[in-house]
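Turn these sequences into a full structure, and let the hints guide you.
Chains A and B, in that order, give the protein sequences. Residue numbers for the first sequence, in my numbering: 3 to 252. Residue numbers for the second sequence, in my numbering: -6 to 95.
Rather than coming from a laboratory, the hints here were simulated on the basis of the structure. Bear in mind the structure is a predicted one, so any value in this text is a computation, not a measurement. All residues carry an ideal CB built from backbone N, CA and C; glycine is no exception. Some hints could be false.
[Stated by the list, open to error] Now the stretches of chain A that chain B is said to cover, found in silico as 3 or more residues with beta-carbon under 8 Å:
1) 25 to 33
2) 71 to 85
3) 123 to 131
[As the list claims (entries may be wrong)] Beta-carbon label-pair distances, calculated as ranges:
4) A/N65 to B/D24: 43 to 53 Å
5) A/P173 to B/L(-5): 25 to 35 Å
6) A/R96 to B/A92: 44 to 54 Å
7) A/I67 to B/D24: 41 to 51 Å
8) A/G59 to B/I4: 31 to 41 Å
9) B/L88 to A/R11: 16 to 26 Å
10) A/L146 to B/L22: 39 to 49 Å
11) A/R124 to B/P95: 32 to 42 Å
[Stated by the list, open to error] Footprint (simulated), chain B over chain A, 3 or more residues, beta carbon under 8 Å:
12) 57 to 66
13) 108 to 120
14) 135 to 148
15) 162 to 176
16) 184 to 190
17) 194 to 204
18) 207 to 217
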Amino acid sequence: MSTVKRTLRDVGALGAAMVAVGASFGAIAIAYGLPAWAPTAMSTVVFAGGSQFLAAGLIAAGNPIAAVLAGLLLNARHLPFGLAIANTIGNSWRDRLIGSHIMTDEAVAFALAETDPARRRRIYWLVGTTLFITWNIGTVLGVLLGGATGDPDALGLDAAFPAALIALILPSLRDRATRLVALAGAAIAVALTPLLPAGLPVLCALLGLLVLAAPSRFLHPKPPVPAPAAPAAPAVAAAPVSPDAEETRC
Amino acid sequence: MLIAAILALGIGTYTIRLSGVLLRERLELSDNLQRLLPMAAAALLAALAATAALMAGSEFTGPARPTGVLIGALLAYRRAPFVAVVLAAATTTALLRLAGLP
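Structural data, given as structure tokens:
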């Protein structure tokens, strides 16, 4: 019973932060000189925070084509997210069509932090719909209030989202192979951020999967214990499949 | 032009999201590849967290944000409630900024 309460509280906290960031998006878009309907339409039609900030800035700079391309590049990570989360969303067409639109980093992270399939499915939809609603409410508030919404950085909200993501992925990092892949991916992304346009460094984090191709001694320093998950050897065999797909992107 | 850009970004983003979901069924993934999918998602989310914590545009951000995220991460590691993690990270960063750190 307390699990449900805790989940609602967690999602509520994220929703509250989403209202604040959505408001700052609305206010910033208006400050850029966009008409009032534009940020509202973006939050409903696009519903991907990072790409909306990026696109609003590029549109304001007079470059709508760059806005679309940069935004799509930033959102390309949703394709692997979709692959990872497809079975969670549901199998009916209605679930797939709606569930795809509410896919966000946070919904995916919340869902993957849950192991039980039924609970995983519930939390995905709960987080997805909550964030869709709060993000749009926030955007409208920002448009209406304009500069009165204040600076989200002064509230430290820019630290809230990475911390939330870390809290959500920590349980999956208990698995040694996942931890190595994630840390390698994070390091690659940070190292490439000064060099590549927004969106690409995060995609290049998929190259972190290459650590699985390392000698299995490295992944399993102790004599291999028959784990409930798949054994090490197939992972090594599977790894060469991914580099080809990924190197074309980077 | 504005509405065209917004629609193009919206439709393109939706297509990306939906194609991952629909591809999953079409692809005959071996068990090993299936095992890689959550790892790939974890790598992407870790990369998002790391870049959002450390970078501002193409440069390193000031110390306020990474410090707040670090406090949040430590709390998360000590299994503090999610709300406490988020609030501690934001509060730490806000206080550091109030104290004049970038």
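Against the structure, the hints:
1. Judged by the Cβ-Cβ criterion of 8 Å, the region 25 to 33 of chain A is not covered by chain B as claimed, because only 0 of its residues qualify and three are needed.
2. Only when three residues or more bring their CB closer than 8 Å to a CB of chain B does the claim for the region 71 to 85 of chain A stand; here the count is 11, and the claim holds.
3. Under a criterion of three residues with beta carbons nearer than 8 Å to beta carbons of chain B, the stated coverage of the region 123 to 131 of chain A fails, only 0 such residues being counted.
4. At about 45 Å, the beta-carbon gap between A/N65 and B/D24 stays in the expected band of 43 to 53 Å.
5. Judged by the Cβ atoms, the range 25 to 35 Å given for A/P173 and B/L(-5) is violated: they are separated by roughly 42 Å.
6. Take A/R96 and B/A92: their Cβ atoms lie about 51 Å apart, and the range 44 to 54 Å holds.
7. Hint check: A/I67 to B/D24, Cβ distance near 42 Å, so the stated range 41 to 51 Å holds.
8. Against the hinted window of 31 to 41 Å, the Cβ-Cβ separation of A/G59 and B/I4 comes to about 21 Å, which falls outside the hint.
9. In this structure the supplied range 16 to 26 Å holds for B/L88 paired with A/R11, their Cβ-Cβ distance being about 23 Å.
10. Checked against the hint of 39 to 49 Å, the C-beta distance between A/L146 and B/L22 comes to roughly 47 Å, which is consistent with it.
11. For A/R124 and B/P95, the hinted distance range of 32 to 42 Å is satisfied, since their beta carbons lie about 41 Å from each other.
12. With a cut-off of 8 Å between beta carbons, the region 57 to 66 of chain A has 3 residues touching chain B; three or more are needed, and the interface restraint holds.
13. Coverage of the region 108 to 120 of chain A by chain B holds in this model, with 3 residues showing a Cβ closer than 8 Å to a Cβ of that chain against a need of three.
14. Counting residues of the region 135 to 148 of chain A whose beta-carbon sits less than 8 Å from any beta-carbon of chain B gives 0, not enough to reach three: the coverage restraint is violated.
15. Given a C-beta distance limit of less than 8 Å, the hint that chain B covers the region 162 to 176 of chain A holds, as 13 residues qualify and 3 suffice.
16. Note: the region 184 to 190 of chain A has 7 residues with beta-carbon separation from chain B under 8 Å; the three-residue rule is met and the coverage holds.
17. Beta-carbon proximity to chain B at under 8 Å applies to 5 residues in the region 194 to 204 of chain A; the threshold of 3 is reached and the given coverage holds.
18. Residues of the region 207 to 217 of chain A lying with their CB closer than 8 Å to a CB of chain B number 5, which satisfies the three-residue condition for coverage.
When each numbered hint is compared with the structure, violations occur for hints 1, 3, 5, 8, 14.
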